[in-house]
Amino acid sequence: MTAVPHEEEAPVRGMWRQGVEVFCENRLALLGVALFVLLTLFSFLGPLFYQTDQVHTDLTKVYLAPGTEGHPLGTDGVGYDQLGRLMLGGQTSIVVGLAAGLLATVVGTVWGAVAGFAGSWVDAVMMRVVDAMMSIPALFLFMLMASIVTPTVPMLIVIIGAFAWLGPARLVRGEALSLRTREYVLAMRGMGGGGGRAVRRHIIPNAIGTVIVNATFQVADAILYVAYLSFLGLGVPPPAANWGGMLSDGLSDTFSGHWWLLYPPGIAIILIVLAFNFIGDGLRDVFEVRLRRR
Amino acid sequence: MEALDRPLLRLRDLSTDIPLRRGVVHALDHVDLEVRQGETLGIVGESGSGKTMTVLSIMGLLPSGGQVVGGEILFDGRDLRGLEAQELRRVRGVEMGMVFQDPLTSLNPTMRIGAQVAEPLRVHLGVGKAEARERAIEILRRVGMPRPDKIVDDYPHQLSGGMRQRVVIAMALVRSPRLLIADEPTTALDVTTQRQILELIDDLREEFKMAVILVTHDLGVIAGRADRVAVMYAGRVVETGTTADLFRSPRHRYTEALMRALPESAADGRLYSIPGLPPDLSLPLTGCRFAPRCRFATDECRAGDVLLTPDAAGNGHEFACLHPVTEPVAIAASSAPADTVSGDSEPLLTVRDLVKEYDAGGAGMRRVSGRVSAVAGVSFDVKPGETLGIVGESGCGKSTVGRLVAGLEAPTGGRIVVDGTDIATLDRRARHRMHRQVQLMFQDSYAAMNPRMRIDSILTEPLEIQQVGDAASRRARVSELLDQVGLPRRALERYPHEFSGGQLQRIGLARSLALSPRLIVADEPVSALDVSVQAQVLNLMRDLQGRLGLSYVFISHDLSVVDYMADRIGVMYLGKLVEVGPAHQVVRSPRHPYTQALLDAVPSPHPGHAPSPDTTIRGELPSALNPPTGCRFRTRCPLATDACAVEPVLQGGTHQVACHFPLRQEAPAA
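Heads up: the sequence lines are chains A and B, in that order.
Using our numbering, the first residue of the first sequence is number 1, and each one after it goes up by one.
Using our numbering, the first residue of the second sequence is number 1, and each one after it goes up by one.
Hints in this document: simulated from the structure, not taken from any laboratory.
Beta carbons are placed, not taken as given, at the ideal position from N, Cα and C, and that holds for glycine.
Among the hints, a few may not be true.
Unchecked claim - Here are a few chain B residues that sit away from chain A, every Cβ distance over 12 Å (derived from the structure):
id, residue
1, L307
2, A406
3, P462
4, R477
To be verified - One-sided excerpt, in silico: chain B residues whose CB lies under 7 Å from chain A:
id, residue
5, L322
6, Q437
7, M449
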């Protein structure tokens, strides 16, 4: 317990530091960060230490069981080393997840903040667009898009991002509706400030808690979307890999006893989604508690 | 009937701790109090003094984690801390009743009034549905509800604030408790309603022979209603005695300072203000807790604990002060302040026939069901360097006038002329620049500041918006502003939540001053503050006015504050100005019956100073949706006749009134 002597002498503790402290008090959030770091290191630095050929198929070495010489996790139906493939797949999943989640969050936040702050017919038009897009099942649109364009990593990011922004847009719009009536927005208008400034300096910064927490779930969702698309055969084409695609390949081998093709990508997906959810929970604490405490 | 001299409730050495994220707040520290049957004990103190924690400890309603860590709560001779959970629930549920501050949040919006009032009966006594309803109607009648048999089937949102508070009181009384605890029961209400509720509690106390604990920050409320008073400061009782005795001759230096900080006692045009802030209760404290803010403190005060000691006179008056007050403190009615404003200068602000109406009912394309007349033809002038006070009850349109003048809303009709230009006719660019002339100051500065911005960004924001100066000159201006409002430079790096209410109000004032405006519209700037801090802010506002030649439009519901601040006062009722005149004349010789009623309803910090009952007004403010025709006050006016169906015009010389039967003639010009 540190004694805070008098207000004048108390050290100025920045918002950032207070936030980190609160975040660190949440054990699960720290576990989430640890998981994320581990999986990222595994996917991106792993291949430097554990080199495998993930380009050429080797039909002499199909369905080798884990523990076989040189293949700790065995090989798949075309002879790729499963451990190496897991690393390669992780790269795609994490990159697409982060990028699509970020894209969706940024677009959704700006859209929602502008709609919520402007109100009246601007809001009506902007939100009807969101409603219209939401009324079409996302999976159907994904399939349509994926069959028109060739799925590459950047394309996947754009496709997923283009539909995932609807959630944050609705969320932020709701937030903006209440924030625009706050007295500090009124105070700013009393100084002669306009709408642009209100959205930029007041609405978005104060909705940031919701936005960031939601962003972590968006990332988790995007990783799952990649998995869905691959499962439907609309993911990045081989020899590129991603965890979702590996899982769907593994599923077809369920009854052949090739469990090493099924469990590792499945567990990896669960772990990364869990990691982002934990981080989201921790961030939620940060943004809720900090302002309440003096 | 039991022996009346045995206290019904007695707290002995009660200590309560509230754990926070870092550290433990020792909210109560060895509190000793007692209440007898049929007696009202007033607990008075500033926010954070522990007055609410005391009653929450009794009721077992402490915030999560908080607990009583020492002492005894003796109710009728039994220590509540030793009782079993079941019995404790019964004692607290049946023998004690509690009334909270905010009548809206203490009622469940989805339950009918009758069901809520009767809920304790059904929970604790297992009374049947039909009987519970009968009892609810009966108790609602007792608390003065009109048509209780109708109201039992209403929902809380259908009632006004005063009516809701009556329902809450009925809820507390339905079990016929022996102890009623009222925690700031009237703070959220208007003065005229406040008076009705306080009288009701008084009547019921006599009728039910209850003990009442009345917790409030308002010395005036206590003075008129309590038999005995306990003054709390920083988790301790610092002085206790009979109301008459304590108000006549307070002994503790804190009590004295509180009374001198009341706007009523500003004798020489300046309020006494207590420097500094109350101590942080999570730290170990030694000595008298008021010592750091006390003018009379010596090393002896800081060295060891100062205990409550009885007065030599032996009348039950106790205080914990080593250097008590010996001379009586006079809460003198202030003398008329000298008029500082010359009468013939050009007005800075001229408002003529200002009208603001809002559509009621559906928005957009739905059918409009009516128009709310918030401001209906208001005219006034404000001269440079002058303060115009606007008073009225909530819903009278005073805040709307403030927003219209500050350019936050466009008027439906009328003219607002600032420095020669009508702001309603301005184009966008000119309107943008107009904001440099007129600035707004808010009641709750915390809500009016972006919690994610540091103080330096908050203070530079007006300069950025109006594109005044460059980065360096803005920084210099902000430092200058902080000096003006008396805050250290270090404040710049902090966030709003790190400041106390008084400091935030200073920052709010600094922000309003940033553009060097000529007029500041202050909407209830001190209503959320404690008396001692309120005095600091009011003094600051007056000092800055003298130094910078500012004009204020000072909006408040509190007549004593307006009387202290304003050169002239306008009284509003239901969207109309009913009286305008020099401050001391309006307050001391009001001409409109409504002004008189408002003045009479203000609880005065003179015990035994009860206003005559015939000047009180009853009932509630009519709806602004369909305001009464003619004089809008006639539905509640004791003097109204048929002539009042014709709308009176505001007339007179310097002291104008809109009434067919003014209470007095205008005082001749001096």
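Of all the hints numbered above, which does this structure not satisfy? Sort the numbers upward. Hints 2, 3, 5 and 6 not satisfied by this model.
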